[in-house]
Structure formats: structure tokens, C-alpha cells
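Chemist: Could you put together the complete structure from these sequences and hints?
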Amino acid sequence: MSITLIENLSNEFFFEIFEYVGDCEIYQAFSNLNYHFQQLINSLFLLLKFNFYHLTSDNVYTNTYKQLLLNNKHQILSFHITLPLEKDDFLSSFSIDSSFDHLIIWNHLSSLIFQKIINDLSDVYRLIFTLPKLKYIKCSSEIYVTCDLLPMTTNEQFSNIEYFIIEHPFAFKELCTLISYVPQLRHLTFSGLTDEDINIKVIKSITLSNLTRLYIQIDEIPADKLEIFINKLNAKLKVLSLGCTSEDIDYLNANRWENFILNNLPQLENFYFTYHAYFGDDDISPMYFGIRDQFISSFWLQRQWTLETETEFDTVQYSIRPYKKRWYEYDKQHIVINQHSKPIRLIIKDVSPEKWFKTLSINQYIDHVLAVTKIYHLEIQETICFNKLCEILYNLPELDTLRIHSLSFSKTDYLSDEELDNVIVLLIKFILTLMKSESYHLIRLLCFSIPTADDKMVRKLETIIIVKNLLWNCMIKRIGDNIYVYWR
Numbered sequence: 001m002s003i004t005l006i007e008n009l010s011n012e013f014f015f016e017i018f019e020y021v022g023d024c025e026i027y028q029a030f031s032n033l034n035y036h037f038q039q040l041i042n043s044l045f046l047l048l049k050f051n052f053y054h055l056t057s058d059n060v061y062t063n064t065y066k067q068l069l070l071n072n073k074h075q076i077l078s079f080h081i082t083l084p085l086e087k088d089d090f091l092s093s094f095s096i097d098s099s100f101d102h103l104i105i106w107n108h109l110s111s112l113i114f115q116k117i118i119n120d121l122s123d124v125y126r127l128i129f130t131l132p133k134l135k136y137i138k139c140s141s142e143i144y145v146t147c148d149l150l151p152m153t154t155n156e157q158f159s160n161i162e163y164f165i166i167e168h169p170f171a172f173k174e175l176c177t178l179i180s181y182v183p184q185l186r187h188l189t190f191s192g193l194t195d196e197d198i199n200i201k202v203i204k205s206i207t208l209s210n211l212t213r214l215y216i217q218i219d220e221i222p223a224d225k226l227e228i229f230i231n232k233l234n235a236k237l238k239v240l241s242l243g244c245t246s247e248d249i250d251y252l253n254a255n256r257w258e259n260f261i262l263n264n265l266p267q268l269e270n271f272y273f274t275y276h277a278y279f280g281d282d283d284i285s286p287m288y289f290g291i292r293d294q295f296i297s298s299f300w301l302q303r304q305w306t307l308e309t310e311t312e313f314d315t316v317q318y319s320i321r322p323y324k325k326r327w328y329e330y331d332k333q334h335i336v337i338n339q340h341s342k343p344i345r346l347i348i349k350d351v352s353p354e355k356w357f358k359t360l361s362i363n364q365y366i367d368h369v370l371a372v373t374k375i376y377h378l379e380i381q382e383t384i385c386f387n388k389l390c391e392i393l394y395n396l397p398e399l400d401t402l403r404i405h406s407l408s409f410s411k412t413d414y415l416s417d418e419e420l421d422n423v424i425v426l427l428i429k430f431i432l433t434l435m436k437s438e439s440y441h442l443i444r445l446l447c448f449s450i451p452t453a454d455d456k457m458v459r460k461l462e463t464i465i466i467v468k469n470l471l472w473n474c475m476i477k478r479i480g481d482n483i484y485v486y487w488r
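When we follow the UniProt record's numbering, the leftmost residue of the sequence shown carries the number 1, and every step to the right adds one.
Some hints here could point you the wrong way.
To be verified - Quick list of in silico lysine-lysine cross-link-like pairs, BS3-like style, CA-CA up to 27 angstroms:
#	residue 1	residue 2
1	K173	K204
2	K173	K232
3	K349	K238
4	K456	K477
5	K429	K349
6	K342	K374
7	K429	K374
8	K225	K238
9	K324	K374
10	K325	K477
11	K225	K236
12	K388	K477
13	K232	K201
14	K236	K204
15	K204	K238
16	K388	K429
17	K138	K225
18	K460	K388
19	K477	K324
20	K138	K232
21	K238	K138
22	K388	K342
23	K236	K342
24	K468	K456
25	K468	K388
26	K342	K477
27	K225	K201
28	K138	K204
Calculated directly from the structure, the hints in this document are not laboratory data.
Modeler: What follows is the structure, given as C-alpha cells:
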């Protein structure tokens, strides 16, 4: 039988189409159109993802959403709400209770996302914590917010939330209040935590025995305050990820981290840490004056948590993360340097910070790093002139490997193939000169990224090295666009 009316198409056909249409648009288009479509949009088989994101003053959308909430709450699967200041009365116009009996997604993880631009989120969180099936909550705001009207929880007010993501500026007190409602928490992520004139030691401890994953992004919070806060969670963390920008240089104290983890986080399996030291014409980044080279102690090596440093623009970034193989460890052509005991690498993305800040030089960045640790591997990801490269190498006597992405004779010139051969030879000569001097240089592996590299270039380079009697027991290989020069 041929189909002559659109409503004679199967319900599954419409459900599939509705996957590509906003819920508000579905409601506006089909509500009260006729009996068939009214039954269709009220069907329990149609689960709605409530996305209230209209930032205009158009009341049509607001009224439609209110009608949807009133008449179809049993079909709502999840919430994603973005509210500007002028829509602040929206939440007060409805309440979420047990009648939202499908507020749960397919894998039984309830989902709620709020993006709210108001000063006080007390009412928002009070509403959130009443949802019995809610497992996942993400709340963000563009401005500093408080939860002053939200008290610490009582034993009768616990929420079943297991995943909590907070992306708005707030203080320690507000954070402790919020997490007091979520004793079942397994995953906590927060950013925007601000320092305040408060004695964190007097804040009540909270037991989060299920919490195993903690992700933190903070600015200007002293290390000792952060340690106290983590201890007050009484959690058995397996994953800790911390990103911070702070003048508290003690964040780079490896011994402090070692003692804190051993004494307070014995179950920790993975540790991710990023610390940003900022420079500029008017900024003097604090220097580290503690014991150097502590990030290669047995504690760090046994866990394979590796410190890596990186310079770019006005920043030196220090990162700790689980170890991964690097370019000099892949045995593609029998070129391998085993450096598990000396893994620390410096990546330079901007060799001339003086372009941006007249008072800065790359040597200031290097000195900042060398106050913390020796550097064994150097990778330069920007075109660098030969003279500046030599200057950098002179200040890094412990280097074992060097990788260069682009070389020039001056700050502006790029090299022809013939000039590139010559500059490689000059670089090898310079390294040999350093090795023969009183300074301690043991570079054994060079890597040059050359888009025009071919076997002819390799043979020519081998001939030059042999004729000039530069290296004995030397091996030169090309792998893709990279030329490796290795000697023992």
C-alpha cells in the first residue's frame, strides 16, 4: 500500500529525524499539530535532551521550554542550560523532582550541565543536589560566584553525584561546602579556585572514600594550602592532575612532592603536573634555590614520572607525566639511546623572546630551568641560526641528544642543500670542540628535520665526515625527512 500522508510513516522514521533537530524546534513544530503527532512527541520512546542556550530576550523560546518542562518532564534525558543575567528567573520558574523519571542516559549515568552567568549559584546547586538519579554534573560561569546561601550539608541531604566538574571562579569555603553534598564522588574536576584570607586548617575535613580521580587547575594558590585541602578530602586517589600558575616556586620542589605523595597518597598511580613560570619586560619569575636534580631520584624513576620543560613566548612550562618513548628511543634503524635514568628534556619553541620582550633572552629561560634540573635532551622546534644554537649548546654541557627542525646561517636566511651540508659539518665540529674542552659535553645523537632529505644527501654527508676525519665509529641514517648522526 502506498503512503499518501506523512503521518502514516513509521514512528521510528520520525524518531531518527528528531535526532538532528533541537527539542524546542520539535515541540514548536509538532505540538498540537494533530492527534498523531501530539501522541508522537509525548511518547516515552522519545527521550529529550534539554538544551536551553538561547541568549536573546525572545520570550517565545523561554515559554516553549517552560511548556516542555511542564508537559514532558517524564521524557527528559539530560539538561544543558546556559543562562545570561536577564534570564536568571528561569530556574526559579520550575523545580526538578522525582517526576523527572527518565533523567538518566543509556549507560545509567545521569547528566546535567549548567552554564550560568550570575553571582550566586546557591539556588542552582540546591536544585541540583535534590536529583536522586543524577550522577554527572558540570557547572560553569564566566564570573566569580559564591554559594553563600548554601550551608554545609546534613546527613539527610546527600547527593548521589559521582562525577563533578566545576568551571567557575570560587573560594576554598565554597568548594568545601559543595563537595560536602557528594560523598559518593569518584571524579572531581575544578578550575578557578582563588586564594582568600582564610585559615584553611579550620575548614572541616570531608571523607570522600570513593574519590580516585582529582583534576585541578588553579592560579596563585600556595602549595601548602593545596596540600592541606587534598588531605582534608581523605580520598584514595589513583590519578592526580594539577595545573598551576603561581609565584610559589616550591611547586618545583621534587622532595616536597615525593614526601607528600608517599605520606598522603600511597595509592597514587598516575601523576600529571604542569607549572607555568611567566616572564616579561616587567615580570621577574621567581628562581628555584632548592636542591637540584631531584626529579631523577629513585622515587620518580621507579614510577616513570618524567619532568619535561618547554619554553614559548613569555613562559617556561614544567610538566610531569607518565613516561613515553621519545624520538631517540625507537629502534627503527638501530639508533637507540637508552636514557631511562636521564629522561629530562627541554623543548624550545621560541628561540628569540627578545622579539617580544626587549629585556629577555633565551638564556634567562635556560637558567631558570637549570636551577631546577640538568638537561639531557634538547629539541628546538623553530628555525634557529647557527650562532645562537652554539650559544645554547655551550650552556647545556650534559646534553646527550639534540634535535633541530630548521637551521640558518643568520636569523633570516634559510639554507640550500649545499649550505645545509656545511652547517651540519660546522655543528659537528663545534660539538667536538666542546667535547675536547674542559666542559663536560657528551652529545652522541643529532637529528635534523630536512624536507628535502634523500639518500644522496646522506652519502655526501658521510663522505665529508670521512674526508675531514671528523668522527670515528659514526653512523648516519635517514628515516623519512630526518637525518640522524650517531657516534659512540
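Chemist: Please go over all the hints and tell whether each is borne out by the structure.
Modeler: Hints versus structure:
1. For the given pair, K173 sits about 10 angstroms from K204 by alpha-carbon distance, which is consistent with the 27 angstroms threshold.
2. Taking the CA atoms of K173 and K232, the gap is about 13 angstroms. The hint holds against a cut of 27 angstroms.
3. Of the pairs offered as hints, the one joining K349 and K238 is violated, with about 33 angstroms between alpha carbons and a cut-off of 27 angstroms exceeded.
4. At most 27 angstroms may separate the alpha-carbon atoms for a hinted pair to count; K456 and K477 meet this at roughly 11 angstroms.
5. With a CA separation close to 25 angstroms, the supplied pair K429 and K349 stays within the 27 angstroms bound.
6. Among the hinted pairs, K342 with K374 is consistent with the structure: their alpha-carbon atoms are about 9 angstroms apart, no more than 27 angstroms.
7. For the given pair, K429 sits about 24 angstroms from K374 by alpha-carbon distance, which is consistent with the 27 angstroms threshold.
8. About 21 angstroms separates the Cα atoms of K225 and K238, which keeps this hinted pair within 27 angstroms; it holds.
9. Taking the CA atoms of K324 and K374, the gap is about 19 angstroms. The hint holds against a cut of 27 angstroms.
10. Between K325 and K477 the alpha-carbon distance is near 20 angstroms, which keeps this suggested pair within the 27 angstroms criterion.
11. Between K225 and K236 the alpha-carbon distance is near 19 angstroms, which keeps this suggested pair within the 27 angstroms criterion.
12. For a cut-off of 27 angstroms, the pair hint linking K388 to K477 stands: about 26 angstroms separates their Cα positions.
13. As the CA atoms of K232 and K201 are separated by approximately 9 angstroms, the hinted pair is consistent with the 27 angstroms bound.
14. With a C-alpha separation of about 18 angstroms, the suggested pair K236 and K204 falls inside the 27 angstroms cut-off, and the hint holds.
15. At roughly 23 angstroms between alpha-carbon atoms, K204 and K238 fall within 27 angstroms of each other, so this suggested pair holds.
16. Distance restraint check for K388 and K429: the Cα-Cα separation of roughly 16 angstroms lies within the 27 angstroms cut-off, and the hinted pair is therefore satisfied.
17. For the suggested pair K138 and K225, the alpha carbons sit about 25 angstroms apart, so the restraint of at most 27 angstroms is met.
18. A C-alpha spacing of about 26 angstroms is found between K460 and K388, which places the hinted pair at or below 27 angstroms, so the restraint holds.
19. Note on K477 and K324: the hinted pairing holds, with a Cα-Cα distance of about 23 angstroms set against a maximum of 27 angstroms.
20. Between K138 and K232, the direct Cα distance comes to roughly 23 angstroms. Compliance with the 27 angstroms bound is thereby established for this hinted pair.
21. For the hint linking K238 to K138, the alpha-carbon distance of about 22 angstroms falls within 27 angstroms, and the restraint holds.
22. Taken as a hint, the K388 and K342 pair is honoured in the structure, with Cα atoms around 25 angstroms apart against an allowance of 27 angstroms.
23. Distance hint between K236 and K342 is unfulfilled; the C-alpha atoms sit about 30 angstroms from each other, more than 27 angstroms.
24. Taken as a hint, the K468 and K456 pair is honoured in the structure, with Cα atoms around 18 angstroms apart against an allowance of 27 angstroms.
25. Our distance criterion of 27 angstroms between C-alpha atoms is met by K468 and K388, whose separation comes to about 24 angstroms.
26. A C-alpha spacing of about 24 angstroms is found between K342 and K477, which places the hinted pair at or below 27 angstroms, so the restraint holds.
27. Annotation: proposed proximity of K225 to K201 holds, straight-line Cα distance about 9 angstroms (limit 27 angstroms).
28. Between K138 and K204 the CA atoms are separated by roughly 24 angstroms; this keeps the pair inside 27 angstroms, and the hint holds.
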